[in-house]
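Trainee: Residue numbers (my numbering), protein chains in the order written: chain A, 1 to 98; chain B, 1 to 377.
Worth flagging that the hints you see were computed from the coordinates, not collected in a lab.
The beta carbon of each residue, even a glycine, is placed where N, CA and C say it ideally should be.
Accuracy of the hints is not assured; some may be wrong.
[Stated by the list, open to error] Simulated pairs of lysine to any residue, SDA-like, Cα-Cα distance not exceeding 25 Å:
| id | chain 1 | residue 1 | chain 2 | residue 2 |
| --- | --- | --- | --- | --- |
| 1 | A | K3 | B | F290 |
| 2 | A | K29 | B | V307 |
| 3 | A | K44 | B | G82 |
| 4 | B | K23 | B | T346 |
| 5 | B | K25 | B | R9 |
| 6 | A | K3 | B | G82 |
[What the hints assert, rightly or not] Calculated Cβ distances over 10 Å to all of chain A for the following chain B residues:
| id | residue |
| --- | --- |
| 7 | L16 |
| 8 | L50 |
| 9 | Q67 |
| 10 | T136 |
| 11 | D142 |
| 12 | M144 |
| 13 | A166 |
| 14 | T230 |
| 15 | S339 |
| 16 | L345 |
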Amino acid sequence: MRKSNIFILITCFNLALLLLLAAHARLGKQNAEVPQAVCAGIVKELQLTDLCLFTEARYTRHPSMADFHAPFQDHPGALDHFPSGSLVSPPRFSHEGL
Amino acid sequence: MSGLLARHRNIIDFALSSLLRRKAKNISLLAVYTLIVIIIASCMLFINALKQEAAAVLKDAPDMVVQKMVAGRHDLMPVSRGEVIGGITGVRGVTARLWGYYYDAVTRANYTLTVSDGGQPAPGSIYIGSAIARLTGFSQGDLMPLRTYKGESKLLQVVRVLPAEAEIVSADLIVLSEKDFRELFNFPAGFATDLAVSAGNPLELATIAAKIVHQFPDTRPIMKSEMLRTYDSIFDWRGGMIVVMFAVAVLAFIIFAWDKASGLSAEERREIGILKSIGWETADVLLLKFWEGAIISLTAFLCGATVAYCHVFFFSASLFEHALKGWAVLYPQFRLAPSINAYQLTILFFLTVVPYTAATIIPSWRSATVDPDSSMR
């Protein structure tokens, strides 16, 4: 078989796979409506405001409720999501006694 | 038409033979290129799916939450202010929300404790999130000990484990009665954590917020649109670890493209010289180089996009798991609703395939326009 044919076949196969995944996404979105409705029901019932993605600190657990301008508010070495967090080192006393 | 097609197929044949002559180099190039596409595509798909999930799940969040501020930080809200806010035109209802955090020294995990407005569960009983049930081993009917702020131990019976499919909102939740909440935290009567305000017409929210701030200058109203926007900004391209991963991938790609654009190897220049001396036109040489670039970049793009989709939606973005978990002990296990669209694929295509193909053609064009004799020397 010609090399170009092999390449065209592989590309068509990859494209078909991608189209299948697009179809899977469409189907998956419909299937996700039930769990999303369960989540939305809990959000409504409990009047929740945030997704439970990161439970390590207050401002990551409830980012929409938190005061964004308080890096290290939970403990001195706590990672924060500000670029300045990579420049400001924790206070010395946080290492003492460890 | 068939002549044009045959010409392209012949050139693809030649381009593939040329690529296979430098098999090791080109396979490693394809592997690294695919890896870069996987990282960029995974970031795009993951961020987009999380944003969509946030929008779908938080659509029934409170219209507005009003916090009281003291010295720049939020403080307990007097419930009496709810009556005043309830009297503002356009406000449909005000509910005092009671919620807070509880650090469990045994598991070293942070739980979110919240009181349901509906009066459930009854005093002495609690609902727990499924991640807590998984971490602690407590199930329905078990007694869960919590330490009150007076230093006493309080036993609460688990009457329900919240559904596992709702972990993305309830993994770390403990729902308890108002009485138990106030006892546990020694929470003063007449105060709440904040107030949830609902409006008859969402378009009036901004006016209501302005009136609340005018009435109570020490308050901070947070509208639902701001809650949703928070997730847009957190998972924006500029956000945290995502930007680090994205920047590394883009940097690697720039090095790649630069390596190509900085010039051809002596062998490749000689090859172009020979082709021109046997009668190939400059346009043919450029077409050949275009196909060489396109074969590698198109294959990397298609494979990378497919693997990225599987990584994010079949394997729950396991490569990002450690970055997402951070220092948290409790981590929700969730499957995002799959989503892929033409817009994302087009952006990915223009970010990866186009620059690489262009970077392949430009040095070839420079080499193809010089005299074949000097190219072969």
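Trainee: Now look at each hint and say whether the structure bears it out.
Mentor: Each hint, compared with the structure:
1. Distance hint between K3/A and F290/B is fulfilled; the C-alpha atoms sit about 17 Å from each other, no more than 25 Å.
2. Distance restraint check for K29/A and V307/B: the Cα-Cα separation of roughly 19 Å lies within the 25 Å cut-off, and the hinted pair is therefore satisfied.
3. Straight-line distance between C-alpha atoms of K44/A and G82/B comes to about 19 Å, which keeps the hinted pair within the 25 Å bound.
4. Distance hint between K23/B and T346/B is unfulfilled; the C-alpha atoms sit about 29 Å from each other, more than 25 Å.
5. About 23 Å separates the Cα atoms of K25/B and R9/B, which keeps this hinted pair within 25 Å; it holds.
6. With a CA separation close to 75 Å, the supplied pair K3/A and G82/B exceeds the 25 Å bound.
7. Taking the minimum C-beta to C-beta distance to chain A, about 4 Å, the non-interface status of L16/B is violated against the 10 Å cut.
8. A cut-off of 10 Å between C-beta atoms contradicts the statement that L50/B is not in contact with chain A; the least separation is 8 Å.
9. Once the 10 Å rule is applied to beta carbons, Q67/B is inconsistent with being away from chain A; the minimum gap is 7 Å.
10. Non-interface call for T136/B relative to chain A: holds, since the shortest CB-CB distance, roughly 14 Å, exceeds 10 Å.
11. Once the 10 Å rule is applied to beta carbons, D142/B is consistent with being away from chain A; the minimum gap is 21 Å.
12. Chain A leaves M144/B outside its interface by the beta-carbon criterion, the shortest separation being 17 Å against a cut-off of 10 Å.
13. Taking the minimum C-beta to C-beta distance to chain A, about 5 Å, the non-interface status of A166/B is violated against the 10 Å cut.
14. Non-interface status of T230/B relative to chain A is broken: a Cβ of that chain comes within 10 Å, the nearest being about 4 Å off.
15. Not every beta carbon of chain A lies more than 10 Å from that of S339/B, the smallest distance being close to 5 Å; the non-interface claim is violated.
16. Against chain A, the non-interface label of L345/B is violated: not every CB pair exceeds 10 Å, the least being about 8 Å.
Violated hints for the displayed structure, listed by number in ascending order: 4, 6, 7, 8, 9, 13, 14, 15 and 16.
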